[in-house]
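*Asks:* Here are the chains, one letter per residue:
2 protein chains.
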Amino acid sequence: MLIFDADDASYVRELADYVAIPSVSRDATPAVMKAAAEWLVDRLTFANGHLVETEGHPVVMGEWSGVEGAPTVLIYGHYDVQPIGQREEWTTDPFSLTVDGEVMRGRGATDDKGPVYIVLKVAQAFLDQEGCLPLNVKFLFEGEEEIGSPHLSAFVAEHKAMLAADLVISADGAMWRPDEPSLSIGSKGLLSMDLVVTGAHDDLHSGRYGGVVANPIHALCEIVAGLHHPDGRVAVAGFYDGIDALSDERRQEIAAVSFDGQAFLGSLGLQEGFGEAGYSLLEQLWERPTLEVNGVRAGGKYTVIPHTAVANISCRLVPGQEPNAVVDALQTHIEEISLPGVAIELKVDPARIPAYTVDADHPAIAAAKAALESVYPGEEVLLAKIAGTLPPVTLFEEFLGAKTLFFSFSTADERLHAPNEYMRIRRLREGMRAWEQLWRLLATGPHRLHPSPARESSAKHGD
Amino acid sequence: MLIFDADDASYVRELADYVAIPSVSRDATPAVMKAAAEWLVDRLTFANGHLVETEGHPVVMGEWSGVEGAPTVLIYGHYDVQPIGQREEWTTDPFSLTVDGEVMRGRGATDDKGPVYIVLKVAQAFLDQEGCLPLNVKFLFEGEEEIGSPHLSAFVAEHKAMLAADLVISADGAMWRPDEPSLSIGSKGLLSMDLVVTGAHDDLHSGRYGGVVANPIHALCEIVAGLHHPDGRVAVAGFYDGIDALSDERRQEIAAVSFDGQAFLGSLGLQEGFGEAGYSLLEQLWERPTLEVNGVRAGGKYTVIPHTAVANISCRLVPGQEPNAVVDALQTHIEEISLPGVAIELKVDPARIPAYTVDADHPAIAAAKAALESVYPGEEVLLAKIAGTLPPVTLFEEFLGAKTLFFSFSTADERLHAPNEYMRIRRLREGMRAWEQLWRLLATGPHRLHPSPARESSAKHGD
Chain A
13 MLIFDADDAS
23 YVRELADYVA
33 IPSVSRDATP
43 AVMKAAAEWL
53 VDRLTFANGH
63 LVETEGHPVV
73 MGEWSGVEGA
83 PTVLIYGHYD
93 VQPIGQREEW
103 TTDPFSLTVD
113 GEVMRGRGAT
123 DDKGPVYIVL
133 KVAQAFLDQE
143 GCLPLNVKFL
153 FEGEEEIGSP
163 HLSAFVAEHK
173 AMLAADLVIS
183 ADGAMWRPDE
193 PSLSIGSKGL
203 LSMDLVVTGA
213 HDDLHSGRYG
223 GVVANPIHAL
233 CEIVAGLHHP
243 DGRVAVAGFY
253 DGIDALSDER
263 RQEIAAVSFD
273 GQAFLGSLGL
283 QEGFGEAGYS
293 LLEQLWERPT
303 LEVNGVRAGG
313 KYTVIPHTAV
323 ANISCRLVPG
333 QEPNAVVDAL
343 QTHIEEISLP
353 GVAIELKVDP
363 ARIPAYTVDA
373 DHPAIAAAKA
383 ALESVYPGEE
393 VLLAKIAGTL
403 PPVTLFEEFL
413 GAKTLFFSFS
423 TADERLHAPN
433 EYMRIRRLRE
443 GMRAWEQLWR
453 LLATGPHRLH
463 PSPARESSAK
473 HGD
Chain B
13 MLIFDADDAS
23 YVRELADYVA
33 IPSVSRDATP
43 AVMKAAAEWL
53 VDRLTFANGH
63 LVETEGHPVV
73 MGEWSGVEGA
83 PTVLIYGHYD
93 VQPIGQREEW
103 TTDPFSLTVD
113 GEVMRGRGAT
123 DDKGPVYIVL
133 KVAQAFLDQE
143 GCLPLNVKFL
153 FEGEEEIGSP
163 HLSAFVAEHK
173 AMLAADLVIS
183 ADGAMWRPDE
193 PSLSIGSKGL
203 LSMDLVVTGA
213 HDDLHSGRYG
223 GVVANPIHAL
233 CEIVAGLHHP
243 DGRVAVAGFY
253 DGIDALSDER
263 RQEIAAVSFD
273 GQAFLGSLGL
283 QEGFGEAGYS
293 LLEQLWERPT
303 LEVNGVRAGG
313 KYTVIPHTAV
323 ANISCRLVPG
333 QEPNAVVDAL
343 QTHIEEISLP
353 GVAIELKVDP
363 ARIPAYTVDA
373 DHPAIAAAKA
383 ALESVYPGEE
393 VLLAKIAGTL
403 PPVTLFEEFL
413 GAKTLFFSFS
423 TADERLHAPN
433 EYMRIRRLRE
443 GMRAWEQLWR
453 LLATGPHRLH
463 PSPARESSAK
473 HGD
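In the order they appear, the protein sequences are chains A and B. Residues in the first sequence are numbered from 13 upward in steps of one, following my numbering. Residues in the second sequence are numbered from 13 upward in steps of one, following my numbering.
No lab work stands behind these hints: they were computed from the structure. You may find that some hints are simply not true.
The list cannot tell twin chains apart, which means a pair is met if one copy fits it or any two copies do.
Claimed, not checked - Simulated pairs of lysine to aspartate or glutamate, EDC-like, Cα-Cα distance not exceeding 20 Å:
1. Lys313 / Asp206
2. Lys313 / Glu357
3. Lys415 / Asp373
4. Lys46 / Asp17
5. Lys172 / Asp19
6. Lys46 / Glu65
7. Lys359 / Glu347
8. Lys415 / Asp105
9. Lys313 / Glu410
10. Lys313 / Asp39
11. Lys172 / Glu65
12. Lys359 / Asp140
13. Lys359 / Glu265
14. Lys313 / Glu385
Construct all of the structure, not just a fragment, from the sequences and the given hints.
*Replies:* Below, the structure is given as structure tokens:
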């Protein structure tokens, strides 16, 4: 067993230097993004850490391959963070990591700087205390996760050999609940699109033209209102095509999860939920696809009939749904709508991410389960699905042929993407212990990974 | 007949000084607003022009009462302008009045600096050439018209005696079409409100919570979609209460107006219109009330279920509709909607303006018709209604007991409130000639106003 005997304050202090770099991928200057990337590079000297330029923010790469014949894992994470949102909603400076009781608050604390920091400390402890890691480890930290990883696909395709691994372990992606260890065996896919309704060629005065021209807002609302049935089902023909009916076995599994739906909703300030009829809350969350309008925008509080109205829509997909088929179904649905005096267009974003699953009996799941059980003795490890989407896993499967294990010590309630993001401090230490065990278990023992003999040597950097 | 023999260039030059003051009531500093007000004061020395402070931007007042026993008119206008909108959409500097062929372009050129300038030039010409005006004239120019005249009501109520007049003549409000003299015999009323739909107490990640909580955007769209029937009628029970059926006579009158609906819509970039079934385009525009959603706003193009969604709604009212009754009908409609997982609120703004009408046989209409006929010989003067709302007229009727005559030489197509606002230069000279005739006709002859003997002396300023 490694010894992690630094006190919490020193961990927080070191992590605070990283959080202090405001690496907001949407807004920050290249210099700021590079500073965050270099903070990581400085901690990856043992793995020849270095920056690789892309058309966007650079990628941090590293590789330590000191154990011949051992399996290789690729650690994924990101050094960029979300914008802070409304500054006045933060109780402390977003970029000064601040201890507040049992948590540390700051932008990126839990998404994804804290979780990545854990991995770096574990690697360092192995090297300091044992002189080597238990298996071969590669690192890939990107700077564009929060803006949809626009250049990651090309990067992974281009550097396949360099990135080749038997398993990807993601330090990104949160556990479901703070008091219950869980592993994700799947995540939903994602489609994003804009519905654009256009009327006149210019905004019109609503007094002088109201009542004689179609109002694009009225039309947009009518279309949006028609996207769901009153019972919550998506009203787009073909939307659910390809999805297997939920088996009784899975229903029973989900029903057995200890979960207080009313408390869950209450924590959001809600007295009742709303979702697709015929499914329990957890079934809706884990097993069913969704179509949500994330934004609407048109005109304003003045006397106008805006010439255009836009709704931003996203769909979360489940296994069985083919993203392009869902796009076709949506386009057909929209094309069949005819409203007088307006033009209607559905602009679907190019990224089309299918749902992702890992078999519950994949060795990595077994190893991760054992690792978590060693850190949380007596707790049952929940095999959950992430209702969210983690686009990189699709790339890793497609280009590297490797499954991804989510092994983050972030928790879903830690205000990811919101003001006052925080991470529980105790999770740093729990995470280090768990990663240590995971690496050991993946290297040896009943759940060890079997290195692919076909995999090319990854020693040739720069391919 | 007065002589207006300055050349156009000198008129434009003088008006340009006024346009150069960026008196945007929504944004400008008090000093800028005051500068615009003082530009007017400087031209009202003959009428003891002065500023009166209010809780908002000051009001410019003036009074010339040199003809004992003559009727008194109160001239209304405003010195504030709309924001410029997108600067890059302007082809020239918004605050440099620029001649471009037959028009002069600049913010406020036609709304309302040009039309007010006309009145000032006419008064000056009377004094220079005849030593007096044909009737007694008071002036009231406000600085908050473009932000809804929030302090005008209190001001008029407080200064009733000082403002007392036999007729208000508004230099604000545009004629319908550039090539056809017209007079307005009515304008629509106005209600404004916000429909607010609220879900959770915070924005939620649409991946992690989508499908299990109600989405306020979906609910908002469903409510908005339910505000109209598919045939364009407002679906709020009681909305049309109190409105007289359109008489055959009025239908015939409107049908007789020379109007090319297809060209009208084509000029807006539309191939078809859309409005309440059973009414022609002009009937919809002039005679029927409307409910338009002017704005919607919620969330954005990111993975969120926003905790709140807002629609800005306005209703234009016609004679017979009682504003408070319409508010009650809307509140009842909204209260009867029950959607799971969201709270719905309709916040109605305090200003509730009923429709306004002047009898077509009011002496001021007859005088104005004759004045326009003298300037546009051979043209028929159209008695139109303004589909828009001019809130001050309601105040003048309520507090001063005086009807308002709209006598502006602005035209509705001159991009009021939009980038590249302009005014036709020839309308300056036409307007001066018309105002001269109007004042003469209101003072003497068959259409003269009869001064109210009951009206208090207005010599006591400061009441």
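*Asks:* All the hints need checking, so say for each whether the structure fits it.
*Replies:* Hints versus structure:
1. With identical chains, the CA atoms of lysine 313 and aspartate 206 are at most 20 Å apart between copies only, with a shortest distance of 8 Å across copies and 23 Å within one.
2. For the identical chains of this complex, lysine 313 and glutamate 357 are inter-copy neighbours only, at 16 Å across copies versus 25 Å inside a copy, given an alpha-carbon limit of 20 Å.
3. Taking identical chains as interchangeable, the C-alpha atoms of lysine 415 and aspartate 373 lie at most 20 Å apart only when both belong to the same chain, with a minimum of 12 Å there against 84 Å between chains.
4. Within a single copy, lysine 46 and aspartate 17 get their C-alpha atoms no closer than 31 Å, and across copies no closer than 69 Å, so neither meets the 20 Å cut-off.
5. In the homo-oligomer, the alpha carbons of lysine 172 and aspartate 19 never lie at most 20 Å apart, since the shortest distance is 40 Å inside one protomer and 77 Å across protomers.
6. In this homomeric assembly, lysine 46 and glutamate 65 come within 20 Å of each other (Cα to Cα) only inside a single copy, at 10 Å, whereas the closest approach across copies is 56 Å.
7. With identical chains, the CA atoms of lysine 359 and glutamate 347 are at most 20 Å apart within one copy only, with a shortest distance of 12 Å there and 36 Å across copies.
8. In this assembly of identical chains, the alpha carbons of lysine 415 and aspartate 105 never lie at most 20 Å apart, being 38 Å within a copy and 59 Å across copies at closest.
9. In the homo-oligomer, the alpha carbons of lysine 313 and glutamate 410 never lie at most 20 Å apart, since the shortest distance is 48 Å inside one protomer and 27 Å across protomers.
10. For the identical chains of this complex, lysine 313 and aspartate 39 are inter-copy neighbours only, at 16 Å across copies versus 29 Å inside a copy, given an alpha-carbon limit of 20 Å.
11. For the homomeric pair lysine 172 and glutamate 65, the shortest alpha-carbon distance inside one copy (16 Å) is at most 20 Å, but the shortest distance between copies (73 Å) is not.
12. Taking the shortest alpha-carbon separations for lysine 359 and aspartate 140, neither the intra-copy value of 53 Å nor the inter-copy value of 65 Å comes in at or below 20 Å.
13. Neither within a single protomer nor between protomers do lysine 359 and glutamate 265 lie at most 20 Å apart by alpha-carbon distance, with minima of 39 Å and 46 Å respectively.
14. In this homomeric assembly, lysine 313 and glutamate 385 never come within 20 Å of each other (Cα to Cα): the closest approach is 56 Å inside a single copy and 40 Å across copies.
When held up to the earlier numbered hints, the structure conflicts with 4, 5, 8, 9, 12, 13 and 14 and fits the remainder.
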